[in-house]
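Student: What follows is the residue order along each chain.
2 protein chains.
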Amino acid sequence: MVKRNYAAVPFTDVKLSDRFWAPRMDVNRIITLEHEYGECKKTGQVDAWDSASKLNRHIFYDSDLAKWIEAAAYSLATHPNPEVEKRIDDIVDMMQKLQMPDGYLNSYFINVAPEKRWKNLRDEHELYCAGHLMEAAVAYHQSTGKRKFLDVMCRYADHIDATFGVEPGKKRGYCGHEEIELALVKLYHETKNEKYLKLARYFVDERGKEPHYFNIEAQERGEDPKNFHFRTYDYCQAQVPVRELARVAGHAVRAMYIYAAMADLAGETDDQSLLDACDRLWENLSEKNMYITGGIGQTASNEGFTFDYDLPNETAYAETCASIGLVFWSHRLLQLDCDGKYADVMERALYNGVVSGVSLDGKTFFYGNPLETRGGYGRSEWFGCACCPPNVARLIASVGQYVYSVGGSEAMVHLYGQGEAQMKVNGGTLTLKQKTEYPWDGRVQITVEPPKDASEFTLKLRIPGWCRKATLKVNGSTLDLDGIVRKGYAAIGRTWNSGDVVELNLTMPVERVYAHPAVRQNFGYVALQRGPIVYCLEQTDHSEDIWRIAMPEDGELTARYAKDVLGGVTLIEGDALAASTEGWERKLYGDSPKMTPCKIKAVPYCTWANRGAGAMKVWLREESV
Amino acid sequence: MVKRNYAAVPFTDVKLSDRFWAPRMDVNRIITLEHEYGECKKTGQVDAWDSASKLNRHIFYDSDLAKWIEAAAYSLATHPNPEVEKRIDDIVDMMQKLQMPDGYLNSYFINVAPEKRWKNLRDEHELYCAGHLMEAAVAYHQSTGKRKFLDVMCRYADHIDATFGVEPGKKRGYCGHEEIELALVKLYHETKNEKYLKLARYFVDERGKEPHYFNIEAQERGEDPKNFHFRTYDYCQAQVPVRELARVAGHAVRAMYIYAAMADLAGETDDQSLLDACDRLWENLSEKNMYITGGIGQTASNEGFTFDYDLPNETAYAETCASIGLVFWSHRLLQLDCDGKYADVMERALYNGVVSGVSLDGKTFFYGNPLETRGGYGRSEWFGCACCPPNVARLIASVGQYVYSVGGSEAMVHLYGQGEAQMKVNGGTLTLKQKTEYPWDGRVQITVEPPKDASEFTLKLRIPGWCRKATLKVNGSTLDLDGIVRKGYAAIGRTWNSGDVVELNLTMPVERVYAHPAVRQNFGYVALQRGPIVYCLEQTDHSEDIWRIAMPEDGELTARYAKDVLGGVTLIEGDALAASTEGWERKLYGDSPKMTPCKIKAVPYCTWANRGAGAMKVWLREESV
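Those sequence lines, one after another, are chains Z and L. Quick note: the first sequence uses this note's numbering, first residue 15, plus one each step. Quick note: the second sequence uses this note's numbering, first residue 15, plus one each step.
Isolated chain Z (complex conformation) (with noise of 0.2 angstroms):
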């Protein structure tokens, strides 16, 4: 049950052609990755590798550079760049030129403060940089074949290991900013050096054990461990052992790569224990600290959690980063169990909080999206922690692998758009080829094209939570869901041929949608969604004033594909109320505001902010009627 079960097929594989994430990918590939590159030089990110640079950087600036060399690799799979691939290999040059003897590398404690080297795990981000550069380097050999970044970054693995351990002489170490767990049950598959994978679980089960080590070696500094700035080791997860981790707590993205990792060991070592962990933090994520759009975190003063249902609107965190660490959790555990409550969670992040990070042109960037705003808050083009532009550009280069997984003779479609894929059913090639408007229209026909004809297997079809009505058919002819639905997905166990046309049909009207009524900032308000995409209102679309205005009840909503707006999306239209300022104008408290009519014209709130930084709200009060 544990042991992982699926395995996702590689975006290498995966071709889309859809209207939502096609034309996303090539202004990443074009404009993106560019135009980070381009900070990255501007900030001295890549000459840091220089080994006669002494810059005063940050701490954690190997990491921006790690993941905009791992979104590029991703890139250069599907899209070979001579001029990219020079670049990466010129810095990797670079890396294995400031590389320690001993395998240490890291250009800020090399470069600028090397006696400071694994002083501090709490809050130094050694370990980090180290993860997200074995990540790169996975990228890069996976994309081009060459194994020097790899090598460079196993000696890396190998001095690590030697540091840190249970053994004797050892120092029994973690990172406060976890990352390189998940990064080293990569480095072992890409090498099959168990060795990593042993070490990936040592940071693991080490992690908030008594004697505390951020407490140890805060003292061998010199420094009063009840000094940390953030007061509690939940912010770094590690106030206990990470299998008594009771809620969701502290720094959300460190939260999501742990939890990543947490699954990634359940899997590979058919843990249960660390299922279970996982299991009560998603339950307590999914269900009471996650906002609407799949973004978490709620509050800046932690960047993260809060409390059990407090999901302020306007002050929301929701790092976008953060939204990407729940796409990589969820999906981890959709390989160990096919289960649409992880999916969900994981379309919900992609189409909205995680999208919303990055502007229709590709060339600008929220760290946080909160959910609503008075305006003035816009996207900017890099940040002095630059860490969500390049974890949003290896998401979308890579988020081909978020739609079909395998497993034996199972194949599973986990999300829909249009395109074709390639995977291993049964020893053989199967091929699927999707035709649908998806997320625009809930209609999708799949062609199947098995191994060879007369092809057994099984295919599942997730039925996603927001669906309240789906009807499918194989070849023409119905399909009772009640009977195939399990867990979300509809299973289609049946003798395939060459050509066979499954049809799901998702009806997809626009949701009212409400929040737990213990969500006290959401109680009397209303969201919009249909299908996966949740909605807001910009103020740029309405003439009265979006804060005012109320949504009756009983209000007719129409959606409308305006292929003009926003690079083409469906608007969601309808009347509504607004509350009018007569006779307030010389003061603040008296009779209930008049309710005018007014019309509404909702965008998805993924795109919101493209055109100007004005007022958005996604919660809109209701008027009952």
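Bear in mind the hints are in silico, worked out from the structure with no lab data behind them. Be aware that one or more of the hints could be misleading.
When chains are identical, the list treats them as one kind, so a pair holds in a single copy or across two.
[What the hints assert, rightly or not] With a straight-line Cα cutoff of 27 angstroms, these simulated BS3-like cross-link-like pairs (lysine-lysine) come out: (1) Lys-601 x Lys-302; (2) Lys-608 x Lys-302; (3) Lys-601 x Lys-355; (4) Lys-601 x Lys-501; (5) Lys-483 x Lys-601; (6) Lys-608 x Lys-355; (7) Lys-483 x Lys-608; (8) Lys-55 x Lys-162; (9) Lys-184 x Lys-133; (10) Lys-56 x Lys-162.
Starting from the known structure of chain Z, arrange chain L on it as the hints suggest.
Tutor: Structure of chain L alone, referenced to chain Z:
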């Protein structure tokens, strides 16, 4: 017009025997003042005056004890107490002993950091402490006739006058925390020494001028002025000269104190430009930046103002001291122009956001007064920064002064409350006796005892802004209010005889109050008010989670006086709806929650958190029907 037209009737001439203030004044005198003196002893605020004391204390320690002395002095004026007087005399002896030969007097900057004297007016509160000591000295002189404290403070004021000013050789400084300005006006009134009025005017006039004194002194300390913790001199109302202040900004208590001094000086020196600034600021405050409770200062980050129509409820700062400062300011403006708009705000603050600052037992205090909480927020016995407890004590001890004003042949009644007062009209003594259950009932009977029979003067009775329907009778004959009400006051000009009876009936139904539609936090929400009293729901009175309660638009609400509840208050009761969590066990988003009938019981906001620190809410979602 600017020239002060009216004078408040001193609290020593106003006896309140009502059910709202009289018990609070007793508790204040018997319990609060004793408790606060105990805290001042315990924390070293008394012993700080010992010249041998080198304890590392707050730079503004002096001010808390000064406010306690002022409060105790007010209490002594009506209830002599040799023990309390002895305590104060002992403290004054210590002060006199500590005072420097040049008149300087500050326990911190004499005993602890003498090298820092007058080096950092921006941050270090020296003149603020001096101001509170002056107010205390004036109050103690008024109460006891003893001159020693007053003389000490005059010597200090003389030293300050010799140190600061535009004359060559003087520092052109002023305090980052205003207070001394209004204190010097009081000292001028008590001593008739115009030097002090002139000095007050200098501090007001100099504030915010360029080159900026705070920049100059920062540079003299070797600091970059840009490193000012609060970044902008808006924080202390010093970014521009006070006459140019466009809107309320910065630290709310500081703002109120300087605005009060501006009103003082407008009247004292016939300065229309200061009154114009006050008018502008008043309009901005009362029409765009004031909570329904009379709380002001929306955020903890600057202990002050944010932006127009921003009135967050749960994170409202609404410091007790700020509402007290608002009373000071509005009361001063009311003496310049008998306009009900000032008295309405003064009353709103007094009966709600000020009195909420102290528990009914007089032993615990709120610093911030939020308009809603999820619970866990209760009053404290004392604070590290203990400004609020003695501030509310001096306010309550002298609350009688806010009830009446006189001016020439006019006597004004601003507030209603059972009791009796003497005041000068046309050179003779007028006695007014109020018989009323105000604020729990709107019927007020005033018996007039003029200086002599057949006295001609005008009695002005305030018709509160909250009242939609009032009737007025004199000796049983109804007066046409439309004809005699101007600026919120009914002016009864006639020949008065002993025993004339005025009957004012202020209709006092339960009111549903709404905020300006631009207040996004209250859109779709309603508050309950009856007379001047703002209500709230407390969890302790409800089995349903009060955060999930909605008020049906047409629900009947009834008022009932409950003598055994919270010391005797009028409750508001009625039918409401509560969102059910039924069916929401395992999800965060779904269909509209079911609303189930429930009852509500609302209590006066000023009495909340006297039965444990549970959840509380002023603004309630309204359900249209």
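Student: Each hint should be assessed against the structure and marked as holding or not.
Tutor: Hint check results:
no.	hint	in the structure
1	Lys-601 x Lys-302	between (39 angstroms within a copy, 8 angstroms between copies)
2	Lys-608 x Lys-302	between (36 angstroms within a copy, 19 angstroms between copies)
3	Lys-601 x Lys-355	between (49 angstroms within a copy, 11 angstroms between copies)
4	Lys-601 x Lys-501	between (55 angstroms within a copy, 15 angstroms between copies)
5	Lys-483 x Lys-601	between (50 angstroms within a copy, 19 angstroms between copies)
6	Lys-608 x Lys-355	between (43 angstroms within a copy, 24 angstroms between copies)
7	Lys-483 x Lys-608	between (39 angstroms within a copy, 23 angstroms between copies)
8	Lys-55 x Lys-162	within (22 angstroms within a copy, 73 angstroms between copies)
9	Lys-184 x Lys-133	within (13 angstroms within a copy, 54 angstroms between copies)
10	Lys-56 x Lys-162	within (26 angstroms within a copy, 70 angstroms between copies)
The structure shown violates none of the earlier numbered hints.
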